[in-house]
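Just need the whole structure built from these sequences, with the hints factored in.
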Amino acid sequence: MTEDTPHEHPQVDAVTAEEIATGMTEEQLRNARDAVTDSENLNILQTAVLAEIERRKQGV
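Per our numbering, the sequence shown starts with residue 780, numbered consecutively.
The hints are simulated quantities; they were obtained by calculation from the structure and are not laboratory data. A portion of the hints provided could be inaccurate.
[Unchecked claim] Distance ranges between label pairs, derived from CB positions:
#, residue 1, residue 2, range
1, G838, T816, 15 to 23 Å
2, A793, S818, 16 to 24 Å
3, G838, G802, 14 to 22 Å
4, G838, D817, 14 to 22 Å
5, V794, E833, 15 to 23 Å
6, D813, R834, 24 to 32 Å
7, R812, G838, 26 to 34 Å
8, Q837, T804, 13 to 21 Å
9, E805, T826, 15 to 23 Å
All values reported here derive from a predicted model rather than from experimental measurement. Built from N, CA and C at the ideal position, the CB exists for glycine as well.
This is how it looks when you write it as structure tokens:
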């Protein structure tokens, strides 16, 4: 059995996803953004990653 990393776990709630995205490095955020294949059907973590990227762009 392999250990899941947070960005690979299918059962992530919105609060956990936001915490994960907030703790990601710029490179991790870029990699997660680049891994999105269906921008019309984002999962919770993908949504949190995109929101974190926007938040950092705005310097909030």
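Right, here's what the structure says about each hint:
| no. | hint | in the structure |
| --- | --- | --- |
| 1 | G838 to T816: 15 to 23 Å | violated (29 Å) |
| 2 | A793 to S818: 16 to 24 Å | holds (18 Å) |
| 3 | G838 to G802: 14 to 22 Å | holds (18 Å) |
| 4 | G838 to D817: 14 to 22 Å | violated (29 Å) |
| 5 | V794 to E833: 15 to 23 Å | holds (18 Å) |
| 6 | D813 to R834: 24 to 32 Å | violated (18 Å) |
| 7 | R812 to G838: 26 to 34 Å | violated (18 Å) |
| 8 | Q837 to T804: 13 to 21 Å | holds (18 Å) |
| 9 | E805 to T826: 15 to 23 Å | holds (18 Å) |
Consistency note: the structure conflicts with the earlier hints numbered 1, 4, 6 and 7.
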